[in-house]
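Colleague: Here's the letter readout for the chains.
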Amino acid sequence: MIIQGRAVPIEGSDIDTDRMVPARFLKELTFERMGDYLFYDVRFEPNGEQKAHPLNHPQFQGASIMVVGANFGCGSSREHAAQAVKRAGFKAVVGISFSEIFSGNCQSIGVPVMTASPESLHAISRFIHDHPSASLVIDLQSMTLTYESGTTAISMPASRRDAFLSQSWDGLALLESNHAKTQALVDRLPYGPIQIRTTSS
Amino acid sequence: MSSGTLYDKVWEAHRVTTLPNGQDQLFVGLHLVHEVTSPQAFAALRELGKPVAYPQRTIATMDHIVPTASQSRPFPDPQAEAMAQALEKNTADFGIQFLNSPQSNQGIVHVVGPEMGLTQPGMTIACGDSHTSTHGALGALAFGIGSTEVHHVLQTQTLAANRLKVKRIVISGQLSRGVYPKDVILRIIQQLGVAAGLGYAYEYAGPVVEEMGIEGRLTLCNMSIEGGARIGYVNPDDVTLHYLKGRPFSPTGEAWDRAVLYWQAIRSDANATYDATVDVAGGEIEPMVTWGITPAQSVGVTQHLPLIAELPDTQQLVAKDAYGYMNFKEGSPILGTKIDVAFIGSCTNSRLSDLEIAASVLRHQRVHPSVRAMVVPGSHWVKAQAEAAGLHEVFLAAGAEWREPGCSMCLAMNPDRLVGNEVCASTSNRNFMGRQGSPTGRTLLMSPAMVAAAAITGRVVDCREYVS
Ligand code: SF4
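Residue numbers (the working numbering), protein chains in the order written: chain B, 31 to 231; chain D, 1387 to 1854.
Hints should not be assumed to be uniformly reliable.
Stated by the list, open to error - The calculated lysine-lysine pairs, modelled on DSBU-like cross-linking and capped at a C-alpha distance of 35 Å, are: (1) Lys81/B with Lys1715/D; (2) Lys1551/D with Lys211/B; (3) Lys1706/D with Lys121/B; (4) Lys121/B with Lys1551/D; (5) Lys81/B with Lys1724/D; (6) Lys1395/D with Lys57/B.
As the list claims (entries may be wrong) - Over the 10 Å line for every Cβ pair with chain B, so calculated as not near, a few chain D residues: (7) Met1387; (8) Trp1397; (9) Pro1460; (10) Leu1545; (11) Val1556; (12) Ala1775.
FYI, nobody ran anything at the bench for these hints, they're computed from the structure.
The beta-carbon is built from N, C-alpha and C at its ideal position, and this holds for glycine as well.
Let the sequences and hints guide you as you build the complete structure.
Modeller: Here it is in structure tokens:
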């Protein structure tokens, strides 16, 4: 599986999902418009004027790979953040480290999230800064990221990589096919379903 | 790899199978649902024409969008009303219990679950909410999931999951007066950092945890996610059994006896192996206050804000962002920092014991005239118990608002929010940029005693001057 495209660097560590999609946009019942809200409050003034943010820079328009720092996507479990990344046109995210829930959310909607060493991430960020129109190539088979200045090793949990390589990242059908095993587990589980005993306080 | 821990045992008891890609298929014993992260999942079910596989293993409540001034319907905000109606329709159509009234104990999902005895040791608990880690206080494996996973759980009651490593955090010694579980978890996150928990479940242990009541353990486990750990838990003990006995959803009679055997069996073995162990000196912790935009950016109340140049390289950039956003000065004392709003509530600190502590500080005192103070119980039961004990009268007499239950000013999905660049002394769990509803609002996380003391003086003060 190859993902190729231009990239945008989002610098800084511990970028949380509240910053990625502010809570007020979570009042929508569907994910449809999440792409418009990505990083909203750090991209726009309250009056709608643009702030200086990489996603607003003309040279990064059309980028499809996001290059980020450490502990990206920390905080809230809101899938809205992963959905916003996908719906804003990103096909992959590469960073130093990711929150578990965010990377799981990305997997379940088909956006691979990969890590690389801090040194190589910094080098890639610098390169993109200097060459915003250059393409990066991510190869999940060889687990490498290639750009003009070199090739870097990237990694992701083997199970996640397998899921993408075999195009089975949407595991729902597989989970469902094991319903007999699930029922067998229910039958031996030491506790039952929810039952109401009393309702007084 | 860990072995013999509660995590290992409960995981194994819920492992349906190992999937071809190496992930485990994990059965979810209890699925909790709220209004914000579930409509997309129910919509997906509808689209596929599928039923909920085990409707009696899911239960819903409503917390994020509910107004706390009055909960009469329809809600003034049409988007909030639409979310409420969607959950009503979804739970009715799919046969799921919905705790949506004062009688059924509507409230913050992480307050309601434990307090009604829904949360029990040895369960796997999932919810479309990162603070699901809270429920680990009773010895459950409880973790947050996204909406697509909520859909998977509804349709199959299972998830594809990666096994975590287990880090044991041993909190030694004894807490000093005026130091609370909130201070302990803020100190742990400060010491280990916000990313130390990535890939780990945290097992909290040691004398401080053994001495702690369940409500304190809930506060501790609640903020595991702020330390990067998707799961935090405490092994069940006599304190746990005592807490669970007689709650509405707790087992009774013979079922109780059977349950206790299971709960005792899943405790981590004395010779269990962990992937890592960390020691935290409980006796050295003082009341904590955050000064920045991540929960690790905190100091003891008597300390000064750090100098950027003296921080490790990896923390300097975030510290710079934090100072820029908070408009605080490097090296200045945290004591005396002016506050505009005092918020006591959220799934971290809105339980009866939290309100008792806050009331003990506010009794016979007045909220400072420049401060807007708000006390928001975590559930209708907490509210009823607090009122039975007269706590609401203490708050009202002091000039604080006494509200209806909900997430309130923990996040910006209801009318309770900061204005402009107000500074809020808050008992909640996140001090992220814009978290409390104003894109320039500023949050200082602290314990209920510290927030109550700050409310009185209008500044950050040492709560130990106010607690006996
Ligand atoms: S109180 Fe805050 S952290 Fe807790 S569930 Fe509600 S919004 Fe989330």
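Colleague: Confirm or reject each hint.
Modeller: Status of the hints after comparison with the structure:
1. Proposed proximity of Lys81/B and Lys1715/D is supported: the alpha carbons are some 24 Å apart, at most 35 Å.
2. For the suggested pair Lys1551/D and Lys211/B, the alpha carbons sit about 26 Å apart, so the restraint of at most 35 Å is met.
3. For the hint linking Lys1706/D to Lys121/B, the alpha-carbon distance of about 30 Å falls within 35 Å, and the restraint holds.
4. A C-alpha spacing of about 29 Å is found between Lys121/B and Lys1551/D, which places the hinted pair at or below 35 Å, so the restraint holds.
5. Between Lys81/B and Lys1724/D the alpha-carbon distance is near 29 Å, which keeps this suggested pair within the 35 Å criterion.
6. As the CA atoms of Lys1395/D and Lys57/B are separated by approximately 38 Å, the hinted pair breaks the 35 Å bound.
7. Consistency note on Met1387/D: stated as away from chain B, and its beta-carbon is indeed over 10 Å from all of that chain's, at 15 Å minimum.
8. Interface exclusion of Trp1397/D from chain B stands, the closest Cβ pair being 12 Å apart, more than 10 Å.
9. With a minimum CB-CB distance of about 15 Å to chain B, Pro1460/D clears the 10 Å threshold, and the non-interface call stands.
10. With a minimum CB-CB distance of about 7 Å to chain B, Leu1545/D fails to clear the 10 Å threshold, and the non-interface call is violated.
11. For Val1556/D, the requirement that its beta carbon stay farther than 10 Å from each beta carbon of chain B is met, with the minimum near 23 Å.
12. Remark: the non-interface label on Ala1775/D is consistent with the geometry, its nearest Cβ contact in chain B lying 13 Å away (cut-off 10 Å).
Of the hints listed earlier, those the structure fails to meet are numbers 6 and 10, in rising order.
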